[in-house]
Structures are given as C-alpha cells and as structure tokens.
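Since the structure of chain G is already known, use the hints to place chains V, W, U, H and L with the ligands on it.
Protein chains in written order, with our numbering: chain G, 66 to 197; chain V, -7 to 397; chain W, 24 to 537; chain U, 1033 to 1205; chain H, 1086 to 1419; chain L, 8 to 150.
Hints may be right or wrong, so weigh each one.
What the hints assert, rightly or not - Computed list of lysine-lysine pairs in DSSO-like fashion (alpha-carbon distance at most 30 Å, straight line): (1) G/K129 with G/K149; (2) L/K119 with G/K89; (3) G/K122 with G/K108; (4) G/K80 with V/K164; (5) U/K1075 with U/K1127; (6) G/K149 with V/K288; (7) U/K1073 with U/K1132; (8) L/K86 with L/K50; (9) W/K399 with W/K489; (10) L/K50 with G/K93; (11) G/K122 with V/K161; (12) G/K89 with V/K161; (13) W/K489 with W/K54; (14) G/K143 with G/K153; (15) G/K89 with V/K127; (16) G/K122 with L/K50; (17) W/K198 with W/K142; (18) V/K164 with G/K89; (19) V/K319 with G/K143; (20) H/K1154 with L/K139; (21) V/K164 with V/K262; (22) G/K80 with G/K105; (23) V/K203 with U/K1065; (24) G/K129 with V/K284; (25) V/K262 with V/K199; (26) H/K1150 with L/K139; (27) W/K399 with W/K198; (28) U/K1074 with U/K1041; (29) L/K50 with G/K108; (30) W/K142 with W/K399; (31) U/K1074 with V/K318; (32) L/K86 with U/K1202; (33) V/K199 with U/K1039; (34) G/K127 with G/K138; (35) V/K187 with G/K75; (36) L/K86 with G/K99; (37) U/K1065 with U/K1084; (38) G/K122 with V/K199.
The hints are simulated quantities; they were obtained by calculation from the structure and are not laboratory data.
Residue strings, one per chain:
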Amino acid sequence: MFPMLSQVFKKIFKKPFTNLFPVKYAPKSMKKFKEDVEKKKIKTNPPIPLPENFRGKILYDKEKCIGCQLCIKVCPPKAIEFKKEEKKIRIYVARCIFCSQCNDICPVGALNMSSDFLLASDNKLEENLIVE
Amino acid sequence: MKHDYEISVGPIHPALKEPIMLRVTLEGEEIVDVDVIASQNHRGIEWIGMNRNNVIQSLYLAERICGICNFCHPSNLVMAIEEIADIEPPERAQYIRVIQGELERIHSHLLWAGVAAHELGFDTLLHYVWMVREKVMDVLEEVNGNRVTKAIIMYGGVRRDITERHVPKIRKMISYYREAFGKLAELFLEDDTIKKRTRNIGVLKKKDAIKLAAAGPTARASGVKKDVRQDFPYFAYPDFDIHAITPDELIGYTIGDVYDRIVVRLLEVKQSLEIIEEALNEMPSGEIIYEKKLVKLMAKIKNSEGEAVARYEAPRGEDIHYVMLKKGYEPLYSWKVRAPTYINILSWRPMLLGYQIADIPIIAASIDPCLSCTNRFAVVKNGEEKIMSGEYFHKLSVEKTRRIK
Amino acid sequence: MNLIQQMPAILIGMPLIAAFLTPIIDRVNKKIRNGFVIVVLILEEIFMITLAWHVFTNGIAIYTMGASNPSIVPLQAAVPIRIVLEIDGMSAFMGLISATVCLAAGIYSISFIKEGNGKGKYYTLLLIMLVGMLGMEFTGDLFNLFVFLEILSITSCALIAYRNWYGDAVEGAFKYMVVSNIAALFVLFAIGLLYSRYDLLNIAAISKIMEYGSLEKIALVLLVSAFAMKCGAVPMHFWAPDSYTVAPAPITAILVSASQASLYALFRTCFSLYGNLMDYHSIGIVLILFGLLSMFIGVTMALPQKDIKRLMAYHAVSQTGYMLLGVGVGLYLLGSSNFNTYGVKAMEGGIFHIINHAMYKGLLFLTAGAIFYRLKTRNLNEMGGLAHTMKFTSIFFIIGALAIAGIPPFNGFASKLLIYEACYKVNPILSIIAMLVSILTLASFVKVFHSAFMGPKLHDVEEAPKSLLIGMGILTFVIILFGLFPGWVVNNIVHPAVTALANRIDYINAVMGG
Amino acid sequence: MNIEETKQKFEEAGYETWITERIAGVRNRVVRKTLWIRVDKKKIRNAMQFFKNFAEQYPHFSIISCTDLGNVVELNYHFALGYGGRLEEFVITFKISLQKNDLRIDSIADIFPAIIYSEREIKEMMGIDVINIPDGRHMFLTKDFPSGIYPWRRDETGVKETNKLYERWKDEA
Amino acid sequence: MNGEFLFKLVLESIGLVFFSIFFGLLFKGIDRKLVAHMQSRVGPPIRQPFLDVMKLMNKENIVPKHAVKWMYNLAPLICLTSSIIILFYIPIGSIHPFLEGHGDIILILYLFAIPSLAMVAGGFASSSPFATVGAQREMVTMISYELPLSIIIISMVWRLSNIGGNVFSLQFIAQHPLWNSVGLLGFIGLLFLLFSMIIVTPGELAKVPFDVAEAETEIAGGLTVEYSGRNLAMLYMADGVKIFAFSAIIVALFFPYNISQYFNLNSLISFIIDFLFFLLKVFLVMLSSVTLIRAGMARLRITQVVSSYWFTVSLIALIGLVLLMWDVSLKVGW
Amino acid sequence: MISKAFKRSLWVFHVNSGSCNGCDIEVIAALTPRYDAERFGIKLVASPRHADVIAFTGPVTNDMADKVIRIIQQTPDPKVIVIVGSCGISGGVFHESYHLAGPIDRLYPNAKYFYVPGCPPRPEAIIHAFTKAWEWLEEVEKK
Ligand code: SF4
Ligand code: SF4
Ligand code: SF4
Ligand code: SF4
Ligand code: SF4
Ligand code: SF4
Ligand code: SF4
Ligand code: SF4
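Only chain G is shown next, with the shape it has when bound in the complex (with noise of 0.2 Å):
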C-alpha cells in the first residue's frame, strides 16, 4: 500500500547520505568562520573527490604559447581572447563553458584544466577569473 512510509520510518535511525561541505550548518558570521578556516581553528569538510580529469577553471602557461590563435578559432563562446601586443592570450573564466577544447587544439600544450571550481563571485571580471 505505502511502501514509503516503512522507509521512511527506518531512515529517520539511519545517517544521512549528506556530504558536509563545507560544514554541517551555516556558521554564524560567515567572515569570522573563514578567518577561523585561515588560521586552522576549524576544519572544513572537503567537497565530494574530484575525478582525475575534472574540467575547472583553465591554466595557461603564458611562456610555452606561441600565439597560433588555434585555440580562440575553436573555443565554442569565444571566451579566449588575443593580445594583439604580445601575441598572448587571455581568457573570461565567466564566459567559458569548460569544454577543453582549446586545451585539445592547442600545439604547445600551453593549456590545462585545474580542478578549481569554486568560482562564485560578485563581479564577473574579478582577477581570479580572467586567465592570462
């Protein structure tokens, strides 16, 4: 008949399936809870393990690049884009759509995904998310 009820009644005694990151309830004061993270005073549970190959933001080695401009003629939204100067590269972390097709295409092998995905932010071209 209600083949959850029973279930749900054994559940309540079980632990939940709940990763815990970055901790079990929201901390107070947000900002005294990171500098208490920076000075190691509490432990943060880490974020579920991140596959070898995971797509984050993108790494470039600013040295191997040649400037072929391979990588900007695939990237699908056109995030990557040439420093007529320096014939190097920069790319919009908030325009990226983590695809790694540039890191596919490109000769040198000068780009990479990292596993860095906490990006959230409130400005949308903050230096952490403009590569160059």
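Quick look at chains V, W, U, H and L with the ligands alone, frame taken from chain G:
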C-alpha cells in the same frame, strides 16, 4: 463559480521548469481545452550554427541544446557530418559512444522519476531518487570531467577513452543499480497514492500515439513498439539485442496512462544497465578517433558537401538532425533539429482533456518535456529595435530604481 | 394607572395608530414622516424591552381588552369573556425579535426605498406588519391569532409586491398569497373544529379542558401543517425563496421574523394548546425529521444558487431546520426524565436560534440589499471586487456569514452549540448532520463572499448610504453582543421563553387562575 | 514492406527516387538506408495520399527541414517507415523545391495531423505560404513578430543584426 | 474584577502567546528536521523556523496592486491569533486550560476553522488566480474533513456521556480517558477513531497528501502566493502553532495521561515532568500524524481528498462509533 | 536593515530564463540529499514574493526579458540575485544571438549580483555562491 476560465501555466510556473506556456481552459477544475504557446526559450541555436559557428563550435552548441541529454544532439550532428564527409569512426569509439548514451539515459530517466515524484507532491521520493542518481553522476564525472556536460563526442570518434581506471567504477554502479531497482520499482509502482494519481490519468491511446507521431517512452507506454536503437540502429547498437520496451512486459497489459510511462522508464533503466555491461565486456581495443589532428579534421569537413539525416534514440524519444554542408562554407549550411519533445507536446492535448488542474503538472511532465530544445525561435523586431530591446529594459529598470530611491 | 400594565395594548395600538397617521404626515413633509416612523419604531423597541423585562422577572403578563384592571381576566363560568393578550416569556421573546428587526429595517428603508413610489404607503404597511407580528405573538385567543395572521399575510403580500414594476415581484407575492390563504383556511377550519367542540376560543381555556380525541387530532394536524407551511419548513418551503427574493431587502428581513411568528404559533400550538396531552413523542420525531430535511435540503439547494437573495432564502429554510430540530428534540423528551438535562437544552438551542437567525439572516438580507442598491443586480456572477470600496458592507456580510455558519465568537455558534450538545443524546447522527450542515453553509457563504466582494475591482461603486449602514449596524451589534455573552442571553432571555413554553400549566393558570 | 519495394512503388508512379546508405555496427554490420523522393510541389498532396494509402503502417512523421538555396527553397519532408521491427526501419524524405518568387505549398495536415507544428514553423521561419493550413498562428514566434523577417532565410529578409549586449558584457563595471 | 486579577490575566495571555509561538516554531523545526532525515538529508537545524521568521519580519511587505488591502493585511493577523487562542483551551500537561468553558470541544473544532477561513479570505483578497484556486480548494478540503472530524468528536462525547458530567468540556474528556472505561469492542472502536483522527490531521493542517490548497507544483503555493514579509511570517507562525495545537488536541482527546502521580515528587517537579511528558506525547502524535504521512505519501487530487474523507475515513469513524455503541449495549446487557 | 537571521535563511526562487537545463538540474541537485542546501536554511519557494534570492539560469531571451524584470521587482527587499552558469553571466555558447536581450545585470543593474561560472557548475559551487552572499550581507550589516 463554475464558469469557464483560462489559466496560463507558465512561462514561469513551478510545474514547468522551462519557460513554455500552456493555456488551459477550465470548467470548474476540469480541463476543456489546451493550447501550447511555445515562444519563450528560443536562443536561435540553429541560426547560430548556420551563421556564426564553425563545426567544432557547433558541436558544443548542440550539446547545450539541452543540458539533460547533452549527448544526443551532438551525436546526431556528428553522425550526420560523418555521413556527409565519409568519416568512419574507430570501433572502440562506437562502443564508448554507446556506453555514454546509456549512462545518459539512466541519469535522465532517474532525473525524470524524481521530478515526476515532485510534481505528485511526493518530495521524499524525489530526494530518494536523486540520491540514487548521484551514483551515475559520479560515474559521468569520473569519465567526462563534469557531472553534466560530457564534451566527449568528436567528429570521427570520442575525445576521451574509458580506461581500466573507469571500468570497475562503472561495474560497481551497475550492481548498485541492479540492487536499487527492486526498491525503486516498489516505491513507484506499489504506492497507492501514486497509483491513484497516475492510473488512468493522461491516457494516450495507441491510435492517437501513432497518429500524432509520438516518440520514445511516450509512444512505447501507449503500446507502440518503436525504438530507434532497434529499428534503425546507429553506433555499435546493431551488436546488441535491443527491443522496444512496452509496459505489458511488466504488468501484462497496456493502458497508455502516466503510470505506464513510469513503468516504461523504469524498465529502460534496467535495459540500459544490461547494454552497458555487455558493451564493457565486448569492448574492442584500438584507437578512439579517426583523426587526431583537429585542424586536419576541420579542413576535411570544410571540403565536404552533401546532406544527411541522422536519428538517435534520446531518453525522451527520437531525436533527428538534418544537416547540409557546402564546400568552403565553414558553418553548417542547413541545420534542422527535431527534438523529441517537439513532437511529443502534440500528445498533450489528448492527454489533458477531461482531467483536472491537479493533473496538469504530472501529465505535462509525463512526456518528460525538455522544452529547452523545442521552444526556439521567437521575437525579433526589426534590426534597430533588436538592439533597443535590451537597452530599453535596462533603461526601464534604472528608472524604476531611481523611483524607489 | 400602571404603565407596564398597559404596555401590551400600547405596543399593538401605537404602531396601528402611527400607521394611519403616516400617510397624513407624508403629505406634509417626507423628512418628518421618516422621523416619525423611526421614533415610533424606537419607542416600540424601548417599550418592548421594558415589557419583556417585566415578563422575565415577574412572570406572565395578562391584558384584557376593556377591563378595568387589565391584568385580571374576568371569568364567567370558567370562560374568559373578553379578548385576552397573554404575554409569557416566549411571547416577549418573540416580540423582542420583531421589534428589533423592524427597527433596523425601518432605518434601513430611509435611503433604501426611493421617494415617489408611495413610500408613505410602504411605511404604513411596514407598521401594520409589526402590528400583525406582535399581535400573533401576544394574543391568547385563537381567533385573534387568525386575525393577526391574516393582517400579517396581507401586508406582507403587499410589500412583497411593492416593486410591482418587476414582474417576478408580483409572481412572488402571488405564491405567498396562495400559501397564506391555504394556511389561513387550515387555521380557520381548525379553530372552527375546536370552537364547535368546546365553544371556546381562548387558548388557555381550551387547553385546560382539552381532551385528546380524534377531532382534536385533526385540528392539531391542520394547525401544525398550516404553521409549518408558513414558517417555510421543508416540504412546504417552496414559496420562501420566491417571495424572499423579490421583496425589498428590509421587507425580506422582516419576512424572516414574520415566518418565525408562524413558527411561534406552531410551538404555541404544540406546547401550550396540546402539550403533554398529545403524543408528543411522535410529534417530536416529526419535527425532528422536518428539521433535518429542512436543514439538508435547504443548504443543498442553496449551494448552486446564483441569485444572492435566493441563496440566502434557501439558507433561511435550512436554518429553520435547526430551530425545528432543537425544539423537536425538546418535545420528544418532554416529560421524560431526560427532559431537564437535554430537552431543555435542546429547546434553549432551538429558541435561541430563532432570535439569532432573525438577526443574522436579517443582516445578510440587508447586505444583499445594499449590494442591490449599488449594483442593481442580485446575480452573483455580475458582482465582484466590492470589498475594495464597500468596506463596511463587506464586514457586516462577513459577520453575518460567520454567524450563520456557527463560527465563534458570533451568536450562531452559541445556539448551534446548544443544539449539538443536546441532540447527540437522542442520536449522535443528529449532531453530526447538524455540524455538517453548518460547514456546508459556511462553504456556500464563502462562495458568495468570493464572488461578490473579492477579486479585482469590477465596479466603481461607493459604500452604501448611512441609513443602510445604521440598519445593518443595529443587527450586527446584537449579533456580536449575543455572541460574546451567550450565557447571559440564555439565562435571562431564552430560558424564560423555554420554561414558558414547557410549562403549559402556568400558561393556563395565568388566565384561568389557580 | 522494405525500402526497395517502396522505391519501386514510387518509381512506378513516376517519381524520381534514389537511396543513400550508411553502415553501422561493429561486429554486426548493418546498412541503414534512406530513400529520397523528388516531388513536384503541385503533386505533394497526391504523393502523400499515395504514400499513406499503400504503406502497411501509419508512416511516422519526423520533421520538415527547409533550406534557402538562393533562388530556390528546398523542403524535405522526413518520414520513417518500418518501425517496430528490428533493423527494418528506413527513412523516407520527400524533396520539394519552391521558387523564391512563388513560395506556396499545399497543407497536408489533414493527411498527417502531426505535421501541423512543422507547417506552422516553415510558415513563420521561412515565409512559406502553406495553403489551407488549419491553424496559421505563429508557433514559436510571438504574435507581434514583424512580418517580412524570416530567420531561416539567407537573403535580405533573414536576420542580419544581432543583439550585441552579450558581446559587450565586459564593458560594464 | 479587581486590578490584580486583570493584571494576571494579561500576563498569562502574553505568556501563552509566547509559549504557543515558541513551541509552534520548535515543533515545526523538529518536523522539518525529521522529514529531512527521512529523506536521507541532514536538514536544517531545529532553530531554522525561528531564523526564517526573524528574516521574514525584516523583509519588505508588498501588497499586490489588485488586492483588497484591509482584508489582505488583516487575514494573517486573524489567522495567527485564532491559532493561538486555540491553545488557550487545551490542557497542557497538568496545567488546566487557560480558558475553559461550556462546550469548549466544539468551540475548538470551530476555532480550527478560523485560521483556514482567514487564509481563504486572504487568498481571495490577494486577487491572484492561484490564490483563488487555492482558497476554493481549502474550502472543499475543509468541508471534507469536517464530516469525519465531527463523527469522531461526537462519538467520543457520546460514549463519555454514559459516564455523565460536562462531557463537552475538553478538560472533562481529558480527565476521563475513554480507554479506561471501554470494553474490548469499545477499545477497537476507539482505535478506529484514533486512526481516522490521524488521517484528518494532515487535512486540517494542509499537509501532504491533503495539501491541495497549497500545492506548489500545481498552483504555486496557492493561498499564500502573494504574501511576503511580515504577513508571510504570521502565516508561517500560524502554521507552526496549528501543528502544535492540533497534536495537543489529539493528545488531550486520546492520550491525556500524566505520569507524575506514579512518582512521589513535589509539586514543582511533577509539574515539570508532566509538562515534558506532554511535549513528548505531542511530539509522538506529530510524528505519526504529520511527519511520517507527509514524508511517505504523494499528494492526492482534490476529488480524491473529498472522496477519501467523505467515504473512507468517515466510514472508518462510523465503524468506530458503531463499535462504541455496541460496546455500551453489551455492557448494559451483562 | 538586515537581520542576522537573514543570511541563515535564504529562500530561493528559481527562474529559467532560457537555459539549457544543465544548470537547472544542478540547482535541484544542490537541494537533494547529497548536497542538501536546506541545512543552511536555503530552500526553493514557489513564488517570488517569498524569495530572498532569485536564482537565474540561462541567458535572457527577448521574450523573457520583461518577465525577468517583473520577477525581480516582485521580490521583496532585501534581495540578492544569483546567476548560475556561464551563459547567464556572459552569454556562454549562446552569446551574440539575435534573440537574446542581454545579461540580467544589464537589464536590471541596481541589485546585488553573484555569479557562479561553470557550464554547469557543480552543486558545491552553487552553495559556495551562497556563502559569498552571506559574507556580503554581513558587510552590509556592519555599515
Ligand atoms: S575550455 Fe572551452 S570554452 Fe573554455 S576557453 Fe577553452 S575552448 Fe574556450
Ligand atoms: S593554441 Fe596554444 S599556443 Fe596557440 S594561442 Fe592558444 S594557447 Fe597559445
Ligand atoms: S511566477 Fe508564475 S504565478 Fe507568478 S506571475 Fe509568474 S507565471 Fe504567474
Ligand atoms: S521544485 Fe518545488 S519549489 Fe521548485 S518549482 Fe518545483 S514545486 Fe516549486
Ligand atoms: S531549436 Fe533547433 S535550432 Fe534552435 S537550438 Fe534547438 S535544435 Fe537548434
Ligand atoms: S531532446 Fe529534449 S531531452 Fe534531449 S537534449 Fe533535447 S531538450 Fe533535452
Ligand atoms: S527538462 Fe524535463 S525535468 Fe527538466 S525541467 Fe524540463 S520538464 Fe522538468
Ligand atoms: S551555463 Fe552551460 S549548462 Fe548552464 S545553462 Fe548555460 S549552457 Fe547550460
């Protein structure tokens, strides 16, 4: 209080995650007329693909026609272009594509099951199903580097291999779901409240399903044995013994109601598990892509000409792309996408008539509408006004804020 | 001379005289006429309260027409020879209702009834209606009862047809007339029967020597059916919606208490005339059944109505059921050992409900009238959004609706509670049905509330004029007062009425002596 | 009824037909076939009626695709037949060319009701006048869409300018 | 009435208001936490409802353009106060009800209608089509559960009246637990009544599976769609208070036992023990009649709500009544 | 004035203004047992009137532009807007189509925006955005 009135469901309504509008005429609580107004979610994808993008960019664009089955649209595009440019993907790639497609089906059907439970006001089941679903999400992330968008398929093959490292994880997932299946089936199919809300609700007769060209689980739940993987196989599907699943397999008869649609989707999850397992066992070794050098690949495609129709059995039904290439023209010359929902929403009318407001969400959801692929083109004023419109709203809002201050 | 002693005569005489003066003053000045009528009605109310107070504290008041000491009935061989008014607790109680409703309706009419359509006549008739009601309630004489009943019927009829420029008004009046005449014939026939047997017309006198033979049984059936017909209980309810709907709202409000006068006559017949002579057990069951049927049929008929007054009229039928149920249970238990525990309570409930119903149903009809006054329609589908502007009217409506649905803290709750509390002892199902009907009533009024007052602003109307508001306010005041102090009301007003009804012997002795 | 028989039927009826093929599968290699049929625009209703009558199965309508080829607009009516059997299905596409100066075609919504959305779509997107269309309202475009602009066109009536707000997303502080 | 008495009255009322809001929110928090655990989640902290209310109180209070303003603003207030007033009539632990009166059990039944009515009025007043549909549904639900509810109450009262006394007083009912005085049949009958009462609860409190009036997927939250800020906070608190009050009524009707008499304790401690025991009972009732059901079932359609209440649940309650009557007649026969 | 409770009780109204559903499912995923945003007092509500946070996914199509603005206006102050996904922030793959009205923060500039880059972002990243929002609310509170 019994006079007719109209309500619009959407474009922003909790029951329809995507913007679309159902204009429903009611008498009391009973539905007497339905009209679908689809003009809210158009992003001009076909236009972008035909005018602005090169083929590689369009691949990722196709992936974002819909984020839920983000494998079916690029696959279709790839299949069509492979046919035109005569590219033969390696065998291993074909198997990997099958596995990816079936993983996607599992995640999509489970997602749907959760949403359906939510529409029925059964949030516990939503949570339960989505909890179970995390397993396949983990596998997808493991294999593809992102939980949702796969970015895996490429003209002539796939971009990443399924390696030894992945296989045990996938096998573990399969046994996990085999175990969970019994429980899921019990929770969905034996619960009285769910039965009450879905049995004999939103019935689509077999005759209507055929006439209105319903596709996928919607058609199969009405007893139409139709599945592109069986009828018109692609990738490595001819190697597998796939049959179209109809509800009578489990319960002995077919009504064509919402309940039957649940049955079909649950059984398909099971079927997908078997396909994945077989594919893992039989996977040939070798290359995974026809041409490693992307620049060369692009050049080859650019120099091809012709047209092709590709079909794919997406989780929601048959997805079709028609593509035409012109020599030397970098974007696609012609691109037409027929997403499953596009054709399935025709079935809403016969399903909804005569039922109640309370049934709208579950009936609407029962075809698993992924409207982001269907609602496409919409308002374009003439050139100047187009640019205006954005600025115009901008101005409006600035004024409003000023007034508040 | 003691003024209190003369009060019964004044109460009946004053409006009668005023009624004849009104057309004359009407010629002189309309404003003065209005003032005159209102002053008369206010005086009536005051006198009525005084009289009632007197009766409640000192017992039955007797007034013998033309006697030197009206309080003493001259007897001749145990036969009262003059016309006797006998005001016991029940009569006083009913008198209070009539006077209050008429006062509210009178004030309400100042603006509601437009000048120029014979408003003078209107007021005359209204006053005579009051006379009819009070007369029915006060008289101790069967024939007089008949006479006042006729006066009441004829004036009501005329007032129902007052707006004769609407065709259906005449039709409603016609139906009312047919019913009234049939009822009157029945009553007259019954009186004839009794007169031929006992050569008496005085109720107390007949009662004293009554033997319960077949003739009396026929008379009983005739009287019960006639009065039941006139009070609008199922199955003789069909006239009520028609005539209630078409009459001007204040008249409808008065009609409610007029039909209660018939109810009073019914009770008087059962309790005082026949009392425990008859098979009160079965009559009790009959009343209970009538009551249940009225309750249920009334409310189910009301639910689909689109005409606001018609809907309310069906509710009047349904509410009458409660009174019948309460009093029926009392009758059923009369004389049994349970009477004092449950029977009295049931009757208190029933009787209390009479006054409550007169108040809130009167109020509801008046609010319907206020809507009609502004919108010129009674069709619910054409209304909407009135609460935006007609704030007080909607508050009055809400109070009336909550009261009729028996939601605390309004008066309907108090009387219904008494009914539930007593009826379940006879059978739990009675209380369950009664509670269910309450909820259905609520649903029906929520529907009205929604269609008339809620939603976007559809009509650009103003609040109802002051006189309408005052009229409604008077009734609302009573509703709230009774709702807040039900205990006091039951002990001081309702209980005397119940004891008066239940104690047939006292009633007889007051006239016949020792 | 397999693809060859169907092809023959149409050829006998005087239509130009051809088949394209594509191989799928790894161990079990199968040939997937598409039948193309060229139809004169005047004969569209005949062809469809003919098709529906001789097909043993109710044809599954897929979509109408539509390409602006310069002077002509090419319409492809895609159908599928033979569904329900393993490896038995094939695609049938009816090809119709319309001259740019006479963009009119008969509606076949009475023959295949599922086609209605597609007909509404080509009407609004390509500016094709679908004669006797049972419901001529816009499908994906709003009611107030300006007439004379057709997003699928490649000529001057197509969409030329685009909203540049997303191009300038960076300019803003 | 002397001044001191009045002062005490006012003080006690204020105390009770805070008490009811506090426990209403607390139990709401517990309910949410439990449901979360049932759904394999951690869920919000138990204090979450307090945070929610505090936040709502500080939010902008928007009155929609087409709303009937006075009623729109009045409705939440009435809803909250009437919910609180209910608690004035309920015995809490060994504390006598604050207000007590003749026939208060019926009074309480009707008092429960007032918050719903206020919400209906508010829903109508907001002029949103969703709220209107929600209000209509709320009315229909109310009509539906009222039948079984009245059967339950009248049955219990009827059975009690065989004992005698002021049977319509909740305090009296609480002092004479029926379980003690019935035979086996009556016991089964009472179980039936208890069961129907548990099913009536989610309807009364607008919870799944009977939350048709607020179905968010169907009508976007129904009655409350347009409310925000302070008004929403009041509706939110009223919901909590209602959960608490209704569970407390079930406790008073069916489980009025106290445990302090089994220990030999001084009055203060036994008072506290009874109070805690009362909270425990309320918690258990809430767990079984609100939390479990709401987590374990899907929402019904409005027609199914009506039919299940009018037929299934009413039938169960009637069977309970018949069994009780039978029980009495057997006892008399012996 | 923003109370202390505000930041620990964020009610979210979720709007799809033209997305591909990828982000939408991750928003829902953030509420389901694995991530369970409700433990921070974050819950989805069905009406903008109840919301403190509006979560937008997807670029704004022309058709949705007025609705988006209306929803923002319907939401009582104080409010925060979270844009989930690259395409909502900057157009993503859909950038420069004739049918997009522009980034939400340009249509309605006078609100506080938080951005969650990703296509789609992980559910944790969405929760991370809320922690940022709290931080900001704390700052505001101090002033
Ligand atoms: S990852 Fe993709 S979107 Fe991002 S910069 Fe590289 S190509 Fe462009
Ligand atoms: S493809 Fe590589 S080398 Fe070429 S511009 Fe991009 S980053 Fe530089
Ligand atoms: S949110 Fe939904 S209900 Fe509210 S206005 Fe928008 S569409 Fe209507
Ligand atoms: S998930 Fe819940 S909150 Fe979200 S839209 Fe659906 S019903 Fe509304
Ligand atoms: S509607 Fe068609 S053209 Fe537009 S994005 Fe979707 S598939 Fe592409
Ligand atoms: S076909 Fe539907 S489900 Fe599949 S990707 Fe497109 S929108 Fe999504
Ligand atoms: S794609 Fe399907 S599941 Fe997702 S929001 Fe749309 S209808 Fe719901
Ligand atoms: S950001 Fe990416 S995943 Fe999210 S809605 Fe946009 S295209 Fe889809």
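For each hint, the structure was consulted:
1. At most 30 Å may separate the alpha-carbon atoms for a hinted pair to count; G/K129 and G/K149 meet this at roughly 17 Å.
2. Only pairs whose Cα atoms come within 30 Å are accepted, and L/K119 paired with G/K89 is accepted, the gap being roughly 26 Å.
3. Proximity of G/K122 to G/K108 is assessed by CA-CA distance (about 25 Å); at most 30 Å being required, the pair is judged to hold.
4. Proposed proximity of G/K80 and V/K164 is supported: the alpha carbons are some 22 Å apart, at most 30 Å.
5. Restraint check for U/K1075 and U/K1127: satisfied, since their Cα atoms lie roughly 12 Å apart, inside the 30 Å limit.
6. Between G/K149 and V/K288, the direct Cα distance comes to roughly 26 Å. Compliance with the 30 Å bound is thereby established for this hinted pair.
7. Taking the CA atoms of U/K1073 and U/K1132, the gap is near 13 Å; set against the 30 Å cutoff, the hint holds.
8. With a C-alpha separation of about 15 Å, the suggested pair L/K86 and L/K50 falls inside the 30 Å cut-off, and the hint holds.
9. Using a Cα cut-off of 30 Å, the hinted pair W/K399 and W/K489 holds, with the two alpha carbons roughly 18 Å apart.
10. Proximity of L/K50 to G/K93 is assessed by CA-CA distance (about 18 Å); at most 30 Å being required, the pair is judged to hold.
11. A hinted pair counts as satisfied when its Cα atoms are at most 30 Å apart, and G/K122 with V/K161 qualifies at roughly 25 Å.
12. At most 30 Å may separate the alpha-carbon atoms for a hinted pair to count; G/K89 and V/K161 meet this at roughly 28 Å.
13. Taken as a hint, the W/K489 and W/K54 pair is honoured in the structure, with Cα atoms around 15 Å apart against an allowance of 30 Å.
14. Distance check on the hinted pair: G/K143 and G/K153 sit about 15 Å apart at the alpha-carbon level, within 30 Å; holds.
15. The hinted pair formed by G/K89 and V/K127 meets the criterion: a straight-line CA distance of about 22 Å does not exceed 30 Å.
16. For the given pair, G/K122 sits about 28 Å from L/K50 by alpha-carbon distance, which is consistent with the 30 Å threshold.
17. In summary, the hint linking W/K198 to W/K142 is supported, as the alpha carbons are separated by about 24 Å, within the 30 Å threshold.
18. At most 30 Å may separate the alpha-carbon atoms for a hinted pair to count; V/K164 and G/K89 meet this at roughly 29 Å.
19. With a C-alpha separation of about 24 Å, the suggested pair V/K319 and G/K143 falls inside the 30 Å cut-off, and the hint holds.
20. Of the pairs offered as hints, the one joining H/K1154 and L/K139 is violated, with about 37 Å between alpha carbons and a cut-off of 30 Å exceeded.
21. Distance check on the hinted pair: V/K164 and V/K262 sit about 15 Å apart at the alpha-carbon level, within 30 Å; holds.
22. A C-alpha spacing of about 27 Å is found between G/K80 and G/K105, which places the hinted pair at or below 30 Å, so the restraint holds.
23. This hinted pair checks out: V/K203 and U/K1065 have alpha carbons roughly 24 Å apart, not beyond 30 Å.
24. Simply put, G/K129 and V/K284 have alpha-carbon atoms about 21 Å apart, close enough for the 30 Å limit, and the pair holds.
25. For a cut-off of 30 Å, the pair hint linking V/K262 to V/K199 stands: about 27 Å separates their Cα positions.
26. Distance check on the hinted pair: H/K1150 and L/K139 sit about 34 Å apart at the alpha-carbon level, beyond 30 Å; violated.
27. Note on W/K399 and W/K198: the hinted pairing holds, with a Cα-Cα distance of about 24 Å set against a maximum of 30 Å.
28. Using a Cα cut-off of 30 Å, the hinted pair U/K1074 and U/K1041 holds, with the two alpha carbons roughly 19 Å apart.
29. With a CA separation close to 26 Å, the supplied pair L/K50 and G/K108 stays within the 30 Å bound.
30. Distance restraint check for W/K142 and W/K399: the Cα-Cα separation of roughly 19 Å lies within the 30 Å cut-off, and the hinted pair is therefore satisfied.
31. A hinted pair counts as satisfied when its Cα atoms are at most 30 Å apart, and U/K1074 with V/K318 qualifies at roughly 28 Å.
32. Restraint check for L/K86 and U/K1202: the C-alpha separation of about 24 Å stays at or below 30 Å, so the hint holds.
33. Among the hinted pairs, V/K199 with U/K1039 is consistent with the structure: their alpha-carbon atoms are about 27 Å apart, no more than 30 Å.
34. Among the hinted pairs, G/K127 with G/K138 is consistent with the structure: their alpha-carbon atoms are about 18 Å apart, no more than 30 Å.
35. For the suggested pair V/K187 and G/K75, the alpha carbons sit about 23 Å apart, so the restraint of at most 30 Å is met.
36. Taking the CA atoms of L/K86 and G/K99, the gap is near 23 Å; set against the 30 Å cutoff, the hint holds.
37. Of the supplied pair hints, the one linking U/K1065 and U/K1084 holds, its CA atoms being roughly 20 Å apart against a limit of 30 Å.
38. Between G/K122 and V/K199, the direct Cα distance comes to roughly 52 Å. Violation of the 30 Å bound is thereby established for this hinted pair.
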